[in-house]
Every structure is written in structure tokens, then in C-alpha cells.
Amino acid sequence: MKRRVFVKGSLAASTLAVAAGAGLLSPTRVLAAAWPENAFGQRPEADALNAFFGTSEVTESDQVALKAPLQAENGAVVPIKVMTTLPNVESIAVVVEKNPAPFTTGLEVMGGGAGAMYSARIKMGQTSPVKCYVKSGGKVYMTAQEIKVTVGGCGG
Amino acid sequence: MSTKMKIKKSADGGYEVMVLAKHPMETGLRKDSKTGEKIPAHFIKTMEFSLNGTAVAQADLGTGVSTNPLISVHLADAKPGDTVGVNWVDNKGESDSAEAAVK
Numbered sequence: 339m340k341r342r343v344f345v346k347g348s349l350a351a352s353t354l355a356v357a358a359g360a361g362l363l364s365p366t367r368v369l370a371a372a373w374p375e376n377a378f379g380q381r382p383e384a385d386a387l388n389a390f391f392g393t394s395e396v397t398e399s400d401q402v403a404l405k406a407p408l409q410a411e412n413g414a415v416v417p418i419k420v421m422t423t424l425p426n427v428e429s430i431a432v433v434v435e436k437n438p439a440p441f442t443t444g445l446e447v448m449g450g451g452a453g454a455m456y457s458a459r460i461k462m463g464q465t466s467p468v469k470c471y472v473k474s475g476g477k478v479y480m481t482a483q484e485i486k487v488t489v490g491g492c493g494g
Numbered sequence: 460m461s462t463k464m465k466i467k468k469s470a471d472g473g474y475e476v477m478v479l480a481k482h483p484m485e486t487g488l489r490k491d492s493k494t495g496e497k498i499p500a501h502f503i504k505t506m507e508f509s510l511n512g513t514a515v516a517q518a519d520l521g522t523g524v525s526t527n528p529l530i531s532v533h534l535a536d537a538k539p540g541d542t543v544g545v546n547w548v549d550n551k552g553e554s555d556s557a558e559a560a561v562k
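Read top to bottom, the protein sequences are chains X and H. Here this note's numbering runs 338 ahead of the position in the first sequence, where the first position is 1. Here this note's numbering runs 459 ahead of the position in the second sequence, where the first position is 1.
Source of the hints: derived by calculation from the structure; they are not laboratory data. Computed from a predicted model, the values in this text were never measured in an experiment. Check before you lean on any hint, since a few could be wrong.
List of simulated lysine-lysine pairs, DSS-like, C-alpha gap at most 27 angstroms [what the hints assert, rightly or not]:
#, chain 1, residue 1, chain 2, residue 2
1, H, K497, X, K436
2, H, K463, X, K419
3, H, K504, X, K419
4, H, K493, X, K419
5, H, K538, X, K419
6, H, K481, H, K562
7, X, K419, X, K486
8, H, K467, H, K562
9, H, K551, H, K504
10, H, K493, H, K551
11, H, K504, H, K467
12, H, K481, H, K463
13, H, K490, X, K419
14, H, K490, X, K486
15, X, K419, H, K497
16, H, K538, X, K486
17, H, K497, H, K551
18, X, K436, H, K504
19, X, K405, H, K468
20, H, K481, H, K504
Taking beta-carbon pairs under 10 angstroms as the criterion, some of the chain H residues facing chain X (in silico) [what the hints assert, rightly or not]:
#, residue
21, M464
22, M477
23, T505
24, A514
25, L520
26, T522
27, G523
28, N527
29, P528
30, S531
31, V532
32, L534
33, N550
34, S554
Each residue gets a CB set at the ideal place from its N, CA and C atoms; glycine is no exception.
Make the full structure from the sequences, and use the hints.
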């Protein structure tokens, strides 16, 4: 009888520990965060989004605009610009689907009215859809565009 | 390494902050053409923007960002007389910063 109680108790304790562990590991990213290593390393896009935004649920939206060339002559320098009219932007991410590391860059907004625009010059190894994600009000919105690359720029 | 910052008034109000950082942004995948050895990765990880000393945004960069990154963000709350700062850190712990006043 005593043994049964002990087994039950330890089982419950271990479940709790697992739950706590999972809670610690789950992506709860707050302000002034460190470099999101998990997002940059992830190959499946959904995992990278999960690591960066804390969710992989995405809605397509025309309130997010990606300004980029249709064709890039030099894959080493592709200028891209993300613009959005969404209010309260929390973060922005740019994903190049066919790059060795698809998660390319992101912006985390903490204040100052930032977030309406983010631009960078990125590398592209080959012709690929480029997706930009904007998180606003806890939801993630996305728009995509294919950029053709004639000469790749990812080394190798 | 040097970092330059330019602030432009944008058409829809607020200001556009452009930062040009001189940095090799090595991916770690490239090989030296002479020795055939891999060139170790060397890239900027985070670039933090501040408005009058308060952090307002942080850009997370990786190996997929071009050599000499040109990053720009829009600050709707910036006013003439404000100070905008930027500070970046790379994967080797090197860092640089720049500051400019909003005109």
C-alpha cells in the first residue's frame, strides 16, 4: 500500500517537472531579448517562426508590403524593404525559403513608434520565395514575393 | 570597422534611420580560394536602436545579411532635437556604435 502511494506521488512529481521544463523551453520572448539563436538555426520554417514569434499561425495580409526587385542580378546584395500599415507592430521577420539558413533577419520593436518599416540588404543563394512576417496584436501576418537570382551569393 | 548613421524625414511623418555598418558578414560556408580552408563565420548578431537613450528596436541579423549591412527602420515618435543611437554586437563580441541628432 505504501509503495503504491510512493509510486503515485513520484509519478505526479515527474509529470510536474516535465511540464515545468516544457514551460521554460517554450518560446516566450520578451523585450530587449538576446539574439534568437533558435530561429536562425531552424531549417523547417515553421520551427523558426515558432522560435521567433512564439506561434507559427500565419494569415496572409495586404497590410504587409514587401518591396524588393523581381530579379536580382547579384544574389550577394538584394535590397528588401518591409512596410506595414498594421498598428502596434511587435516584430518583423524576413525568411528566404531556399537559403541554407532560411530565417534571415528580424526586427524586435520595443517602442518609439518603430515597426512601420524595416529594410536590409540580404544574401540569396538561388531563386526563392522571400516571405516577410509582421506580428501585430499577437497575430502574425505575412506576404511573399519570388525573387529571381541570376548569380547566387551564399558562398559554398 | 566603422558605422555611419543617416536620418531622413519620411513623407508620412516620423523619421527614417539608416545605418551602414562596415562588416565582413562571413557565413562560415565560404572557402579560402588559396588554402581551401573554411573561413570562420563572422557576422553581426544584434543591432539595437535607441531614441534619447531608451531602446526602441532591435534588429536581429544572421549570416544571410549582406556584407556591410545597410539597415533602416522607421521611428514615428522621433522629433527634431532627439538623439538616435545604434549599437551592434557581432558573434566575436566586437561592437561599434554611432549616434546622430534628428534635425
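Going down the list of hints, with the structure as the test:
| no. | hint | in the structure |
| --- | --- | --- |
| 1 | H/K497 <-> X/K436 | 22 angstroms, holds |
| 2 | H/K463 <-> X/K419 | 19 angstroms, holds |
| 3 | H/K504 <-> X/K419 | 19 angstroms, holds |
| 4 | H/K493 <-> X/K419 | 37 angstroms, violated |
| 5 | H/K538 <-> X/K419 | 23 angstroms, holds |
| 6 | H/K481 <-> H/K562 | 25 angstroms, holds |
| 7 | X/K419 <-> X/K486 | 16 angstroms, holds |
| 8 | H/K467 <-> H/K562 | 9 angstroms, holds |
| 9 | H/K551 <-> H/K504 | 10 angstroms, holds |
| 10 | H/K493 <-> H/K551 | 24 angstroms, holds |
| 11 | H/K504 <-> H/K467 | 25 angstroms, holds |
| 12 | H/K481 <-> H/K463 | 9 angstroms, holds |
| 13 | H/K490 <-> X/K419 | 30 angstroms, violated |
| 14 | H/K490 <-> X/K486 | 25 angstroms, holds |
| 15 | X/K419 <-> H/K497 | 32 angstroms, violated |
| 16 | H/K538 <-> X/K486 | 39 angstroms, violated |
| 17 | H/K497 <-> H/K551 | 17 angstroms, holds |
| 18 | X/K436 <-> H/K504 | 21 angstroms, holds |
| 19 | X/K405 <-> H/K468 | 19 angstroms, holds |
| 20 | H/K481 <-> H/K504 | 14 angstroms, holds |
| 21 | M464 | 14 angstroms, violated |
| 22 | M477 | 8 angstroms, holds |
| 23 | T505 | 5 angstroms, holds |
| 24 | A514 | 5 angstroms, holds |
| 25 | L520 | 5 angstroms, holds |
| 26 | T522 | 6 angstroms, holds |
| 27 | G523 | 4 angstroms, holds |
| 28 | N527 | 8 angstroms, holds |
| 29 | P528 | 6 angstroms, holds |
| 30 | S531 | 5 angstroms, holds |
| 31 | V532 | 5 angstroms, holds |
| 32 | L534 | 5 angstroms, holds |
| 33 | N550 | 9 angstroms, holds |
| 34 | S554 | 13 angstroms, violated |
Checked against the numbered hints above, the structure breaks hints 4, 13, 15, 16, 21 and 34 and satisfies the rest.
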